[in-house]
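Q: Could you slot chain B onto chain A? The hints should help.
Here are the chains, one letter per residue:
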Amino acid sequence: MNQEKIVLLIAIVLFCAFSLFLNGFTSAGNLLTLVRGVSTLGILGVGMAILIIGRGIDLAIVAIYAMSAGWTLHLANGGIPIALAMLIGYLFALSAGVINGVLIAYVEVPALFATLGMASFVYGFARYALVPLYVVYMPEAASGIAWIGNGFMFGVPVPILFFAFVSLLGFAFLHFTKPGRFVYAMGDNFAAARMSGAPVRPMIVLQYAISATIAYLAGMITATAVASMNTNIANSSMIYDVILVVVLGGIGLSGGRGGVRNVVVGTLLIGILLNGMTIMDIQYTLQDVIRSLVLLIAIVIDSLVNPRDEQTAQQGDI
Amino acid sequence: MKIKNTLTAVAAILSVLGIADLSIAAGIDDPRRADYFKTFEGKTVAFVPVTMGIDLTDGWASVLQAQADDLGMKFVIRDPHFSADAGAQAITALISEKPDVLIVHNPDIQSYAKLLKRAEEAGIHVIQVNMRSNYNSDAYVGADWIGIGEAETQAVIDRCGAGTSQKIAILQGQPTSGSDSGMMKGAENILSKHPEIKVVANQGADWDATKARTIIATVIQQNPDLCGVVGFWDVMDLGAAAAIKESGKKIALVTSGGGEQMACDNVEKGVFDEEIAYPVLDQGHALAVMVQTVLQSGEPAGKNKFVIYTPSVRITKETLHPGLCWSAASIKKN
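Top to bottom, those sequences are chains A and B. Counting along the first sequence from 1, when you hit position 91 you're at 91 in full-length UniProt numbering, and nothing is skipped either side. Counting along the second sequence from 1, when you hit position 198 you're at 198 in full-length UniProt numbering, and nothing is skipped either side.
This is chain B alone, in the form it adopts within the complex:
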């Protein structure tokens, strides 16, 4: 009897413990978790930018590096320093080194197209970022250039309605780049709906502020009643802004760029009337997600054709708030 009581007591205690044990261990293991980490462990992600040291590429690389550290991947950068030749060599070398994912920032739509195809044939997932080539690889992650061109042109036209001269100038960068041709298409889309707008100049300034300054100064001399300028890159458009300031005239300047602190500062100072920004860190995160997607898909390279257009942000005096822009200098310090 005594033994039975003891046993019952023990059993009761055990069962209580058991229940308690169950309630402590209520966390449920995720069966996909181990697989998830195993998918990435030891993988290599290679990045061939147009150059490092600009806000865009530094921003993307910092996000990708953090992801690689987190997931136990190797992240390598081959910096061709604005040389399409060096970039082509870097990609050729990478094709034989066989990283798992290759992220490419194309200098123009032509240079790397064949190489990217070869890389995919060699089994490397190719993601193109922000500047695309003629070849559609696994994925494109980046700005919707046509949309940005449309938004920029519309923003200038909104400021150059009836009552103004309705004369505008377009300041391109390099017409052969993927971003430039897209923005130009966007500008054409909007202009075709506004026959009253006169494009008095459409020039490329080679992404150079000094050339931009000279071109816009000449255009203003020629058209003193110029109403607005559609600029294709904020860094270059600082030159256009200097020419406008010197003319002493009120000419609307709308630009686009990576939404770096410089853009917010200059919108605040009235140097730019508006910037259509493609926030670089958001693009970096979209890239990081795409890296995970292609690695998890299990599909062979070149099978999928993903596109992610990263959302754009309008920076105007009205939308300005602390934290809207990001700082390239702070990334550099990390």
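The shape of chain A in the complex, shown without the other chains:
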């Protein structure tokens, strides 16, 4: 019984309880709303998972998500065609990711510090030089891309399809490609991976480029879903939520373990909780308390069922 199963169990128990006691919880419409509400979080979670499995972390992912999408809208507001604005916005996100990777791989700055600095830099620089306003609205001219956040395909909201698509791609990358296997090797034992010939430095750059790409996609989904981008989200606690769905699902911060499935399980638990509490009309502050309690319970059960000892502990375990 690992943490993934524990969290899945809690999710199933909550799901059954809500289905029994909450009217309309299991309606197709509500279930779609439920998954849709957490799909951006899940997409960012997949990006973060690929890094954490390789024993990295990207604290800049939310800043990149907010500022690159914000700049895209700002450029479009200035009359630049939306396709070009998206390309520029994406290049901005990508360069932030690549710089992160280079700092970590070649300059050998610890990932925690490099990405923490990058998060402030991306936010500060973009606010100073690129996006003067704190909330950027989507211009009329950009309505051609509104489907990204608002559309339906086969009766399913497009953001959910993106979540499924990114999850599948992430799964395929981690399991069926050589770089994907390197990620596990690096997370498990970095020195051994390096000595056995894995191109660890380019791999690190690739990982951060992937997470920046995923961040940009998630940013455009959010921006088109609410026809605006609130760049202050870069300063919010969202980055903790992203790490949370990854860790909650059972991906250890020490790397080398877990997969996309864990992210999906963690994301669904959060989604079920949020949706159920909204239906029950529980107050905002109390929602926070309940949410953190459920998370603590999951972690406590995990350490009771899987106690840490010398055999299970890994070097670099946090």
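Don't read these hints as lab results, they were simulated from the structure.
Just some of the chain A residues that point at chain B, by a computed CB distance under 8 Å:
id	residue
1	G37
2	T222
3	N232
4	D281
5	Y284
Reference listing, derived: stretches of chain A covered by chain B, where coverage requires no fewer than 3 residues with Cβ under 8 Å from a Cβ of chain B:
id	stretch
6	19-27
7	126-140
8	223-229
9	233-243
10	272-278
Glycine included, every Cβ here is placed at the ideal spot set by N, Cα and C.
A: Structure of chain B alone, referenced to chain A:
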């Protein structure tokens, strides 16, 4: 004789000149004028917003900066960037720097209350703008939140009378903020008079459009016959609007905000049915007047307890006209 004539002539000319002189100099000096300018010369006005870069704070700051330039005052902004900690530090630092007036935009009713008291004890006039704290300082200038909450709720109820489901949802921001608690009180005032109205959801979305979207989408799933939504901030309520649009239902959405161009555009497009706006530039001018008032009063800091509720404006399809809203982008360019 000749001399006398000459003298008379000279005198006449002089007197004519004199009269002419008098009529040219008919302007009368205002004895208070010099004092007026002297009162402000070299004074310092400090501003601690919740953050810069939002329509509200940028709007106020532009008016205050213009006033400071005009009157030879120094206007300083300490931007804590949404961090209550950084804001508290900024105020602490300002207390020792002793500006003459400190304008504070509180993130919630508690965080700065003690500091504001200390600032006044140190002789700094403290003006709180739009979001008040528990401590009543020299002055509060800003929206009448209770009035806005009442107007918003009434506007939704007007659209959800007999013949509809009479079910409404309330979408708060952050319940601990001064604006939120006021608007909620206003909503309660109106709801207590309308027992027929059912509040099916009362949720906070943390001023975040994405959260607002998810919450309202869930509420609509749960109550497909929802009639109206009372939203507490237009920027956040764009998310509620997206959820309503997706549901394909006709659900009334009334919001409040700073009356920026975005609000007028969205009322015109039918995204919002109505916005109760607190025009930001008017608030800026009220602030500027209050700065002059406390500096001229000669009273020590903390002696007066002024309140100015800035008037609110209803933005609906009927009241829309060019110039009703203001543009944050144009202020930014200046």
